[in-house]
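Counting in numbering that gives the first Met the number 0, the sequence shown runs from 0 upward without gaps.
In short, the hints are calculated from the structure, not lab data. Nothing here was measured: the structure is a model prediction, and the numbers come from that model. Hints may be right or wrong, so weigh each one.
To be verified - For each label pair, taking beta carbons as the anchor points, the in silico distance ranges come out as:
#1 Gln144 <-> His166: 43 to 53 Å
#2 Glu41 <-> Lys224: 13 to 23 Å
#3 Gly285 <-> His48: 43 to 53 Å
#4 Asp63 <-> Thr265: 17 to 27 Å
#5 Gly285 <-> Ile72: 13 to 23 Å
#6 Gly101 <-> Lys325: 24 to 34 Å
#7 Asp207 <-> Glu112: 38 to 48 Å
#8 Ala91 <-> Ala56: 33 to 43 Å
What the hints assert, rightly or not - With a straight-line cut-off of 20 Å between C-alpha atoms, the simulated SDA-like cross-links for lysine to any residue are:
#9 Lys218 <-> Ala232
#10 Lys139 <-> Thr194
#11 Lys79 <-> Lys218
#12 Lys140 <-> Lys157
#13 Lys224 <-> Phe60
#14 Lys139 <-> Arg170
#15 Lys218 <-> Leu206
#16 Lys157 <-> Pro128
#17 Lys19 <-> Lys57
#18 Lys129 <-> Gly167
#19 Lys19 <-> Thr194
#20 Lys286 <-> Asn261
#21 Lys224 <-> Ile262
#22 Lys57 <-> Lys79
#23 Lys218 <-> Thr194
Note that the Cβ used here is the ideal one computed from N, Cα and C, for glycine as well.
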Amino acid sequence: MARRRGDQCFRRPILLLREKSTILTGLVDDGIGRNIENQLREAGVDTTHITWFSTDAKGPFSTDAKGTLMNGINVTYRGKGVIPSKTEYYRAHTAVRELGPGDVDLDKIFVSEGVRWAHTGGIFTLLSPKTAELAVEFMKKAGEQGTLRSFDLNYRSKVEPDKQKAHGINRRIVAETDFLVGNQGDFSDALGYETAAEKGVPFEEWLDAYADMLRVVAKDYQNLKLIGTQLRAPHSADRISWTAVLYDTQADQIHQATLRENIEITDRTGGGDSFASAVIAAIMEGKGYDEAVEWGAAHGILVQETPGDTTMVSKKMVLSEVARAKKGGGVSALR
Numbered sequence: 000m001a002r003r004r005g006d007q008c009f010r011r012p013i014l015l016l017r018e019k020s021t022i023l024t025g026l027v028d029d030g031i032g033r034n035i036e037n038q039l040r041e042a043g044v045d046t047t048h049i050t051w052f053s054t055d056a057k058g059p060f061s062t063d064a065k066g067t068l069m070n071g072i073n074v075t076y077r078g079k080g081v082i083p084s085k086t087e088y089y090r091a092h093t094a095v096r097e098l099g100p101g102d103v104d105l106d107k108i109f110v111s112e113g114v115r116w117a118h119t120g121g122i123f124t125l126l127s128p129k130t131a132e133l134a135v136e137f138m139k140k141a142g143e144q145g146t147l148r149s150f151d152l153n154y155r156s157k158v159e160p161d162k163q164k165a166h167g168i169n170r171r172i173v174a175e176t177d178f179l180v181g182n183q184g185d186f187s188d189a190l191g192y193e194t195a196a197e198k199g200v201p202f203e204e205w206l207d208a209y210a211d212m213l214r215v216v217a218k219d220y221q222n223l224k225l226i227g228t229q230l231r232a233p234h235s236a237d238r239i240s241w242t243a244v245l246y247d248t249q250a251d252q253i254h255q256a257t258l259r260e261n262i263e264i265t266d267r268t269g270g271g272d273s274f275a276s277a278v279i280a281a282i283m284e285g286k287g288y289d290e291a292v293e294w295g296a297a298h299g300i301l302v303q304e305t306p307g308d309t310t311m312v313s314k315k316m317v318l319s320e321v322a323r324a325k326k327g328g329g330v331s332a333l334r
């Protein structure tokens with residue numbers, strides 16, 4: 000069982016790749032909230048932009064001692080063999096869902112502090128109407144300052160079962176995005192785009208159809224510069240085949256990472272966040288898209304080799320895995 004705070008999934012991986020990160024969220028000021036803060040600070044994530052909700056029912060950001068608002072926690076069973084992994088989301092009545100437009104000093108983040116990259120995801124945006132509007136405000140403000148913006152579709156039916164409602168919110172945010180991220184199902188579930196390929200077709204045929212779908216997305220949202228997808232083919236809860244692609248919308252070019260086939264994993268959580276964070280880190284270091292997608296795929300598979308969905312690997316390990324996969328080599332013990 001892995002106990003986790005969802006907002007950590009992206010910020011901690013980007014930090015382990017030697018990029019500074021901060022988190023914008025809301026927490027109840029109780030023992031659980033401070034424990035979450037300490038986990039973030041332990042990993043080096045800046046926590047000064049957390050909005051704290053007091054428990055005295057006073058002020059604009061408050062709850063009461065009965066726990067009317069709570070801190071969101073996920074509990075995941077990682078699965079085994081033919082038993083799939085399962086995540087339970089305790090997201091109802093969380094403090095962060097009460098944050099809306101005007102509640103966060105975005106000028107401080109984007110003007111005073113000069114944040115270079117802004118990221119949000121489909122869980123936060125669908126928690127409540129307020130968080131949806133805050134996400135739109137966040138992305139617009141970032142764009143006004145020339146900050147690069149990424150959005151992970153990350154659709155979860157347990158957070159928002161109404162797909163049509165999710166489509167409406169997500170489309171507004173995608174219109175303010177530079178780098179869009181999602182897995183095979185996200186573009187259908189979160190945005191309403193389908194891939195014209197039957198199940199079971201050869202990978203190359205499927206990828207051609209998938210690329211056609213990405214081109215339609217790029218045509219509809221001409222603000223997009225890059226679309227990234229991690230591709231996971233599960234054989235069981237313990238074994239997957241794994242690769243990733245980046246679609247350069249301006250050059251109309253697909254960049255594919257090395258395909259890893261039938262790889263044993265510890266659990267599948269965190270692969271998408273780790274893919275996105277490594278791609279961003281590579282781009283921020285001036286790497287090309289061919290190299291960035293390899294970083295993303297390598298980081299994604301390595302995180303699935305370790306417990307939980309926050310990274311335990313280093314940049315050195317990512318580069319080593321990129322080299323290993325390209326050579327098609329095995330794994331040797333380090334002594």
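Results of checking the hints against the structure:
| no. | hint | result |
| --- | --- | --- |
| 1 | Gln144 <-> His166: 43 to 53 Å | 28 Å, violated |
| 2 | Glu41 <-> Lys224: 13 to 23 Å | 34 Å, violated |
| 3 | Gly285 <-> His48: 43 to 53 Å | 27 Å, violated |
| 4 | Asp63 <-> Thr265: 17 to 27 Å | 40 Å, violated |
| 5 | Gly285 <-> Ile72: 13 to 23 Å | 38 Å, violated |
| 6 | Gly101 <-> Lys325: 24 to 34 Å | 49 Å, violated |
| 7 | Asp207 <-> Glu112: 38 to 48 Å | 43 Å, holds |
| 8 | Ala91 <-> Ala56: 33 to 43 Å | 19 Å, violated |
| 9 | Lys218 <-> Ala232 | 28 Å, violated |
| 10 | Lys139 <-> Thr194 | 30 Å, violated |
| 11 | Lys79 <-> Lys218 | 41 Å, violated |
| 12 | Lys140 <-> Lys157 | 29 Å, violated |
| 13 | Lys224 <-> Phe60 | 37 Å, violated |
| 14 | Lys139 <-> Arg170 | 14 Å, holds |
| 15 | Lys218 <-> Leu206 | 18 Å, holds |
| 16 | Lys157 <-> Pro128 | 16 Å, holds |
| 17 | Lys19 <-> Lys57 | 34 Å, violated |
| 18 | Lys129 <-> Gly167 | 14 Å, holds |
| 19 | Lys19 <-> Thr194 | 36 Å, violated |
| 20 | Lys286 <-> Asn261 | 29 Å, violated |
| 21 | Lys224 <-> Ile262 | 31 Å, violated |
| 22 | Lys57 <-> Lys79 | 47 Å, violated |
| 23 | Lys218 <-> Thr194 | 15 Å, holds |
Hint compliance for this structure: hints 1, 2, 3, 4, 5, 6, 8, 9, 10, 11, 12, 13, 17, 19, 20, 21 and 22 are broken, all remaining hints hold.
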